[in-house]
Amino acid sequence: MSHANHSEAGGPTYLWLAAVPLSLFLLLVWGLSRHDLPWHVDTPWVPSLGLSLAFRIDGLGALMLALITGIGTWVFVYASGYLAHEPRRGQLFTVLILFMLAMIGAVTADNLLLLFLFWELTSITSFLLVGFNHEQAEARAASRQALLVTMGGGLAMLGGLVLLGQMAGTWTLSGIVAAGPTLANDPRLPYALVLVLLGAFTKSAQFPFHFWLPNAMSAPTPVSAYLHSATMVKLGIYLMARLDPAFNDLLFWEVMLIGSGTVTAVWAAVLALRERDLKRILARSTVSALGTMTLLIGLPSAGAGLAVVAFMFAHALYKAPLFMVAGNIDHATGTRNIGQLMGLRRAMPWTAAAAVLAGLSMAGLPLSFGFVAKDIIAVAKAESEIFTLVSYATVLVNAVAIAVAGVAAVRVFWGPLELPRNQVHEVSWRMLLPPLAIVFLGMEFEFFPALADPLLLAAARSIAPGLGEVSLSAAYDLEALLSATGITALIGLLFFLAWDRMHEALHTLNRFDRYGPAALYDRLLHGLARIAAWHTRHLQHGRVSGYLQLTLAALLSMGMFGWLHTNSRLELTWDWPDHAWAWAVACLLLVAGAAAAATLRTRIAVLMASGLVGYGSAVLFLFAGAPDLALTQFAVETVLVVVAASVLPHYGTAPLQQEPLRASSGVLAAAAGIGVFLLLVHLSNLPVNGELAEWFGRTSLAEARGRNVVNVIIVDFRALDTLGEIAVVAFSLLAALPLLAGLRKGRVP
Amino acid sequence: MTPRSTLLMQSARPLYWMLLAAALWILLRGHNEPGGGFIGGLLAVAGSSLLAIILGIPAALRLQPLAPLPLAMVGVGLAVLSGLAGALHGLPFLTHLWTGIGLSTVMLFDLGVFFAVWGALTGYVYALVDAGETAP
Chain X
0 MSHANHSEAG
10 GPTYLWLAAV
20 PLSLFLLLVW
30 GLSRHDLPWH
40 VDTPWVPSLG
50 LSLAFRIDGL
60 GALMLALITG
70 IGTWVFVYAS
80 GYLAHEPRRG
90 QLFTVLILFM
100 LAMIGAVTAD
110 NLLLLFLFWE
120 LTSITSFLLV
130 GFNHEQAEAR
140 AASRQALLVT
150 MGGGLAMLGG
160 LVLLGQMAGT
170 WTLSGIVAAG
180 PTLANDPRLP
190 YALVLVLLGA
200 FTKSAQFPFH
210 FWLPNAMSAP
220 TPVSAYLHSA
230 TMVKLGIYLM
240 ARLDPAFNDL
250 LFWEVMLIGS
260 GTVTAVWAAV
270 LALRERDLKR
280 ILARSTVSAL
290 GTMTLLIGLP
300 SAGAGLAVVA
310 FMFAHALYKA
320 PLFMVAGNID
330 HATGTRNIGQ
340 LMGLRRAMPW
350 TAAAAVLAGL
360 SMAGLPLSFG
370 FVAKDIIAVA
380 KAESEIFTLV
390 SYATVLVNAV
400 AIAVAGVAAV
410 RVFWGPLELP
420 RNQVHEVSWR
430 MLLPPLAIVF
440 LGMEFEFFPA
450 LADPLLLAAA
460 RSIAPGLGEV
470 SLSAAYDLEA
480 LLSATGITAL
490 IGLLFFLAWD
500 RMHEALHTLN
510 RFDRYGPAAL
520 YDRLLHGLAR
530 IAAWHTRHLQ
540 HGRVSGYLQL
550 TLAALLSMGM
560 FGWLHTNSRL
570 ELTWDWPDHA
580 WAWAVACLLL
590 VAGAAAAATL
600 RTRIAVLMAS
610 GLVGYGSAVL
620 FLFAGAPDLA
630 LTQFAVETVL
640 VVVAASVLPH
650 YGTAPLQQEP
660 LRASSGVLAA
670 AAGIGVFLLL
680 VHLSNLPVNG
690 ELAEWFGRTS
700 LAEARGRNVV
710 NVIIVDFRAL
720 DTLGEIAVVA
730 FSLLAALPLL
740 AGLRKGRVP
Chain E
0 MTPRSTLLMQ
10 SARPLYWMLL
20 AAALWILLRG
30 HNEPGGGFIG
40 GLLAVAGSSL
50 LAIILGIPAA
60 LRLQPLAPLP
70 LAMVGVGLAV
80 LSGLAGALHG
90 LPFLTHLWTG
100 IGLSTVMLFD
110 LGVFFAVWGA
120 LTGYVYALVD
130 AGETAP
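One line per chain: the protein sequences are X and E, in this order. Going by numbering that gives the first Met the number 0, the first residue of the first sequence is number 0, and it counts up by one from there. Going by numbering that gives the first Met the number 0, the first residue of the second sequence is number 0, and it counts up by one from there.
These aren't lab readings, by the way, just hints derived from the structure by calculation. Don't take every hint at face value.
Using C-beta positions, here's what the derived DEER-type ranges look like [as the list claims (entries may be wrong)]: (1) X/W582 with E/N31: 24 to 30 Å; (2) E/G89 with X/F447: 56 to 62 Å; (3) X/A670 with E/G76: 44 to 50 Å.
Beta carbons are placed, not taken as given, at the ideal position from N, Cα and C, and that holds for glycine.
So that you can see chain X by itself, here it is in the shape it has in the complex:
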């Protein structure tokens, strides 16, 4: 059933929100036209942690900003049409705006910790956006997966960034890039780089973390177009490109990037052939493209820097429209399965036009910026000596890209219409204009390279400072056309024609799925849940005697450990305290209370007996010179006993069950008692440092105008601690209220 038959849900369309990224984009253009790059600001925040609000925008940053705000503008327009029937669209737009701000922060942050902060913010907002349709279990699982993978990587990256910061002695990215060559001999460098690359690889879905991106396609399509093709997944690429000038010469860096990039590009291309869902096909090809970008960053030549930025630019300009096309088809037909989609050309002419033009760019054919990018990539690869294997791999990857472009742009639109004609119709202008506008922009850059050239060259120079003057226009002679596209286009055409057959053939790969990283992720998650369940069953069993035994045993073993690792001897000295008779009475109360609590079987009597223990300790405090403590103890004990006594009868008046006596419990109890006694005796013989007590006693009245030192400490000298304590007390109630409400309804026994 088609969505457009629904009446639009009431409320605002939020089309005006597109003005936010648009104005930021215009601001950027205005800034670029007026001021030379780089721009930076640096405001101290927490200097002792090396944290400052340091932002720096150079060519690469400006290119990312242009993509974030430029593509963002059209994504917002598209979303206002796509979500016209979605009652919760306000939430989505809010998170989308937050995401955009986090992205802007991430690509402009110069401080390492600030970068991490924005980096994780993009992960969190991405989690919320992927899980937007939270009533679907699939969307929940996908968003959790995206969050765990990218945040786990982000944490590793934090470790790497801290290491880098310590090695370089600076907390700015620009400082690390400047210090780069001097770090080469530091033994910690490989660890730091592996950790940082973990962050970049997880974010940009590099093998073996490639599995989360296709699953993230359960996000609404505007989100997929924005986060998972044009911007967020390029953050990892951005970071690698940012650090590349520092580590470009390291073999380690080169091998990691070229290796991982090649494997990702090839494997994702193969996996793309296995998919039937148009969005997932596009997602796989996005992963493949990200792999190519990683590979290009790893190449040592200066031209590779230009190739990365050109490809990144071209990819954003064709992949976002293709996602929008997939969204339009989904919206109009209710399916994204390419097996059911054919001949949509007549019903959706404008969508078809956008698809064909974007497909041209993806295939790297003339009339598109993709053609220019492809040319530059070919030059870059020719400049660097790369393994033959890698160049074969790129032929395969490009061929699959052409086949995917064919599927998305040709296959679903041509041929006979599979669905009933009256079910399919063109979508609203708000969903048509954005893909068309972006592909036309892409074409414009191909014909008028001067518009994008300065930005792309500036971006390329921040990756490869040694880049000379180059022109970004494509060569239009036939020979170059054939050499750049010829053989790959041919193979791509073959793949396209044989798509269904290859799809069938690749089904045999399914049996390896349970060894793949996605399966490993599932096993880890299940294992975690199983461990948690096991641990809860064995530690949180609900038997108080069990808790007590565990606590006492732990206490004893810690005491034993401490005893064995000190060489102090136990000294028994005995001084009669003042008011010895009062101490004796208090001890008698304590012992009597404890004995009664242990032997009595009537609930209320046990409660009273335990109250006796409390009062006994209060009496001890009183004569030990701690009247405040004694008062508190009296008050607490009274409230506790009174409240418990009033509540207890409602839970039944039957006598308590007699627990069977066990020798092991007896031994444990005796050992704990004797152990604590010995510990206390030992402690009371240790020398006490009275410096603090003396200081508090001296300054209490003089500086804090109070004679009760205890209270002065609580409210003045250590007021911050007290503030923390009362905040904990107050907020514990906030946390407990839902549980207590459950108690009332009888849901919790």
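Dock chain E against chain X, hints included.
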């Protein structure tokens, strides 16, 4: 409802006021003699609990300045506020100030402690008493 003793019912409110007066007295004298916000707050909790057990939770709530959770939050807020006074004078947060006539931000802080304890603990007590009365 279990039958209740008339003596207890009649003495509940006077007892409450006496306990509250004692609580305030303990709170105010705390700076120089044993006492303070914590102990005072606990005494107030004792009073409120007594009311809740004998006359029911609504009666106890009526004689409390605010419901438990807001009261606790106001307490924390007062404590923070008392610290801001010093901060406004360019001193570190929670540096206390005194006026000439013995009033000080210390008192405000201790009042915050008092309210936080009173509010938070009565929140628990009311919930327990309520659960006990509705228990099977």
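Results of checking the hints against the structure:
One distance hint, 24 to 30 Å for the beta-carbon pair X/W582 and E/N31, holds here, with the actual separation near 27 Å. With their beta carbons about 59 Å apart, E/G89 and X/F447 fall inside the hinted range of 56 to 62 Å. Range check, X/A670 to E/G76: Cβ separation about 48 Å, and the 44 to 50 Å hint holds.
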